[in-house]
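Enquirer: Given next are the chains, with one letter for each unit.
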Amino acid sequence: MLDVAPASPAGDFHSSAPAPVVVSHRPHFSGTTGEFFGIWFVNLLLSIVTLGIYSAWAKVRTHRYFYANTQLAGSSFEYLASPIAILKGRLIAYAVVIALIVSSRFAPMLYAALILVVGLLMPALIVMSLRFRARNSAWRGLTFRFDEDAGSAYGPFMLWGWLTGLTVSLLYPVMKKRQHEFIVEGHRFGHKRFSYRADTGAYYVPYGIAAGVFVVLAVVLGVTFARFAPSVATDKAAFAARAMTMVGAFYVVLLGLVMFLRVRYANLLWNSSHLGPHRFESTARVRDLAWIYASNAVAIVCTLGLAVPWAKIRLARYRADHFMLVASGDMDEFVAASESRPGAAGSELVDALDVGLDIGL
Amino acid sequence: MIELPGRWFDGRSSRAHDVRVELLPGVLGVDGIDGMRHEWPIDGVGITPRLGNTPRVLSLPGGGRIEMADSPLLAQWAGRPVSPIERGADWLERRRGAIAVAALATVLSTVVFLHAGVPWLAEKAAAHIPPVVERTASAQVVSLLTRTGVGATTLAPARQLAIAAEFRRLVAGEPRARDMRLRLVHAPGIGANAFALPDGRIYLTDELVALAGSDDELMAVLAHEAGHHVHRHAMRQALESSSVFLLAGVLLGDVSGSSLAVSLPAVLLSNGFSRGHEREADRYAFALLKRRGISPRAFADIMRRLMKREPGSAGAGPIGYLSTHPPTPERIQAAESAAGPGTAGGPRRPDDLQ
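As you go down the protein sequences, you meet chains A and B in turn. Every letter in the first sequence is one number past the one before it in my numbering, and letter 79, counting from 1, is 79. Every letter in the second sequence is one number past the one before it in my numbering, and letter 172, counting from 1, is 172.
Okay, chain B solo, but in the shape it has when bound (with noise of 0.2 Å):
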């Protein structure tokens, strides 16, 4: 005889009635009501899910319930079923072994995910993003450029032409390249820099303009930022840094990010996909000046000057973005090797190509 004590509630008063619980096949029994005993089918039976050593509670059609310890033969329960995803929790929460499984593969898919599930995502979903989207955004920048002292620039008008011209070519027939249009602008408070906009203006200052020992360099800094654009690195950025830090806050439980530990790594991992991006636009810069005649090898020679002149930053690159680029060496050597072994050693020779 399977017994178990109990106590059971109308659900219409506070008052308790001891009672005794009887699982038959098929009904459940319970003596004690008013000194009486009461029989419900078991199949319209509920019982709240198993849970560490808390009672269970039996629901009873009519609205009664009985609270219970919970034992070893409420395990064959044959009335209304509890939900599966409790009973597996149930299941995993008393095995320290299965857990400890379980965590480290959390840690690994947890990182696969991060390093290649994210981008992927952010990929495709930039591809939907409406270009209105991409000019707000902009506009958010240009406005922040205007304030900080970006001007129109001081080259002369034939020059300016010629630097425009130049880059029509480079990029033309290339993907999104209608979008792209070259700003020239003077910006002492930036210096020789440049940058893309997520809507398709990319900036080149007048003090790297300067800077540049040729042309060809130039076209090599503006296929990078070109590549940017193809890419659509702006908004895959965001999209990135942005779910990174709703990742973080869902699993450490702090939606609004604002703590520490949601923000340090939310922001250690965005700069990771952005040297992610920049690698990726550098690889786009390459291919793009070897078709058109170029060596890659002018990247490697203004990202020396850049390094020269700035020892402390990374190179060219947006604003406020400079540690989030990959080491500048790096970059050279990569454009060095993408020159081919042709070029390797002595002064570039712009004409070796093709």
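So here's chain A without its partners, still in its complex pose (with noise of 0.2 Å):
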């Protein structure tokens, strides 16, 4: 829950000239693996039972969970999401998927033009999921607002990814950056608006390191492959097992640079940010997660499916207990901002159109 929608207070340090205490609160969180099985495996059920209605209300109390089971600085996070809003969300969720189904059965040339449609909204649905988010997280009592038109997603969200298609990439850790910043600078706690900064550089590091090991792989699996061909190419047998397990060395590995990138551009993220005087430190680190998504996945198939809850909790422990807000004076000076600002005169559509969709990010 505190992937994109942070909380932290900030004093106001304008007012107070001598120089403001610092200190690190560390989020704890209180989730049991027992608990949460009861309402994980009862918003399954339910779920079944219903087909798929309460799914909206388990998604609810899943985040709920969570949220509250994160204490940062004595207060716990609240999530407050309406059941029927998500339901709302996921109805036209299901309604899209429903028509690129059939259409794709029956009808190509509509199926084409609902996946241009639907790519072409993709930028203004993670706005309205990123404000639909934030608005129904609060803590201590006041919410966080993500407050960018949807217009302004396409630079980050499009003709960043259009310019790092055209550069191979090279442009990658531009476009990441751009995205965080548009994430991170979108978010308000209170009247308090995030920022961000952060140096290219910086996210070029990762993207190098990954690049590197990427080309290495590449070069020593055309190696091996170039020297074991001829001599096994009568062995159909042979040369297929040799293929399969190059094949899959190539995966493992590309599944690793992949989890490496998201790991080290979400550190990155979190530690350019900042609120009012308030920072962040989040120290997640690669092998560690990796470790434990590739055990939480043993796990869940070896259970089937049963251990889903205590993954979660695990992970959600983790998370917490490698992030750090870093607060420098009062945490108790947030100010709510008042709504009737001018120029939000868009706000009854946003409402209308304010129903929770998920997208991952």
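Honestly, the hints are just simulated from the structure, not real lab data. Note that CB positions come from ideal geometry on N, CA and C, so glycine has one too.
Below are the SDA-like pairs computed for lysine to any residue, each with C-alpha atoms no more than 20 Å apart in a straight line:
#	chain 1	residue 1	chain 2	residue 2
1	B	LYS124	A	LEU51
2	A	LYS88	A	THR50
3	B	LYS308	B	ASP206
4	B	LYS124	B	ARG232
5	B	LYS290	B	ARG168
6	B	LYS308	B	PRO329
7	A	LYS312	A	PHE41
8	A	LYS312	A	THR33
9	A	LYS312	B	ASN53
10	B	LYS308	B	ALA210
11	A	LYS88	B	GLU86
12	A	LYS312	A	ALA284
13	A	LYS88	B	ILE85
14	B	LYS124	A	ILE98
15	A	LYS88	A	LEU100
A short, non-exhaustive set of chain A residues, derived as facing chain B with CB atoms under 10 Å:
#	residue
16	PHE36
17	VAL60
18	PHE189
Covered by chain A, according to a simulated footprint, are these stretches of chain B (three or more residues, beta-carbon under 8 Å):
#	segment
19	9 to 15
20	59 to 72
21	237 to 246
Both chains are given apart, each in its own frame, so use the hints to dock them into the complex.
Expert: Rendered as structure tokens:
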């Protein structure tokens, strides 16, 4: 739950002349597997019995559980979304998915058109989902806000995507940086806006490492293949076995690289974010998370899914343990934003469209 | 005196005030807000539903909130009621025995729903699909067929006319018979086969015509394909497999259906539906053949020939759906028992019925 909507109070540093006291607050996660198992299992059962309708309530209860069990500086987070809003979002999403499935079978032209429309709407949908999540996340009675308009997401989430594609991913770090900047600076807690300061070079470090490993991997696999290919070319079974091993190794390393980039970039996002005088520290380690994800996957498969609650609790605990709010001064001085700001004329429309959409970021 | 500790937030700033909350009949009293006591009518105060051991939050008129630990004293909540759905969920979440019973009931009802509910819904829905959808879907199959080398028939014109006339007699007066159009094709890539498209076109390959020992055998195959059209199997199959995909996605939380966990059970289930359709088309064919004075044994005969020619395959059916058919021996046996004891054993006598 700490993925995007961060929480911290910010003292107004102009008002207090003496150097503020710096206090580090680590979130405390108090959820337990035993307790969450009941919630998770009932969610699953009721979702099945109600043909998925309950899944909206299930999502709210799950989010509330993780939010409320995360304490920062003495106060829990709150997830405020109404299940009905989430249900509306899901019904829309299912309608789109049904249209896609049906048209892919019966009307390929319509299918292509729908895919195009969904693709073109994606940045707007990302904004909607950020907005929904922010305004439904609260801490100490104040909610977060995400108030960038949908149009401004097309730069970081579409234009930069194209540029990255055109440059064979060479601009990928810049794209990530732009996206992070957009996400972080679009958020407010109360009236206080988050700010973001990062060095593009820092974004190139993980990318360079990943690209280097990838090139080495490709060369090694290529050379190995060239070596054994002639010797076993006549033996089809041996050839297939070797080729499969190599493809397997390739995918494992690729998965590791994707994971590496995600963790390092998530750390960069947090470590470059500020809320007033306060800042954040994210110290998640790639090898720890790789181990957690891999062992979670094994446990989930071996228990036919029953280990899912344990896996989720474990991950949340790790995340909380490797996160820090470094507060400079008082946490009590955040103030709610006045909601009657001019320029919010479109907010009714936004409210009408304010439905929970699940978009993984 | 019922007093609970809590932290009050005014909703305008992040400052926390330690307070004591008092639940009185009809009134919520809060001590400690700026050293004062405040009271609110209890029916204006909301509370977050109970969830595990998480804190409860009271929402006060005017935007204030009080965060407090859950307490048994809050069980007799007299303020704004919490959603009965969440109250019920919380009740269940705390009872392992009830969860186990509910799990069993869920598995059973899922099986029943997939077995009976989905096919029933698909049948009802298929009847309302506009013909234009059937035509569009068929056009796609036709373009695929053309690419796989399906061409004009090489049968003599007289033979073509004879088969067509016999087919018209076979389906005359049947439901949806008006849409049924026989297409004879030369299809070396497909081999001996027949299949029905959603819009009523029924394809019969020259290879199957050559394989058949008699016209009755051809009519038996065509009756089966006509059965697919009468019962709208193409559309029902599409609806069933889509809904299974969607359902599995909903239940497993992956609506795009891209993961193996979703697609594997979905494919297995949709093949199960398909086998049900084949049996239904067989039954229809047997009844139709009997009404036309042809013994269903003709169906058994052509199935035997197909099995002998391609021992690995299951028999006639739409391309790519071969594994979706019931085992051929079972179908042969069904045909023979439909033919009745009068023809058991010995060679087929087409004229011994009616």
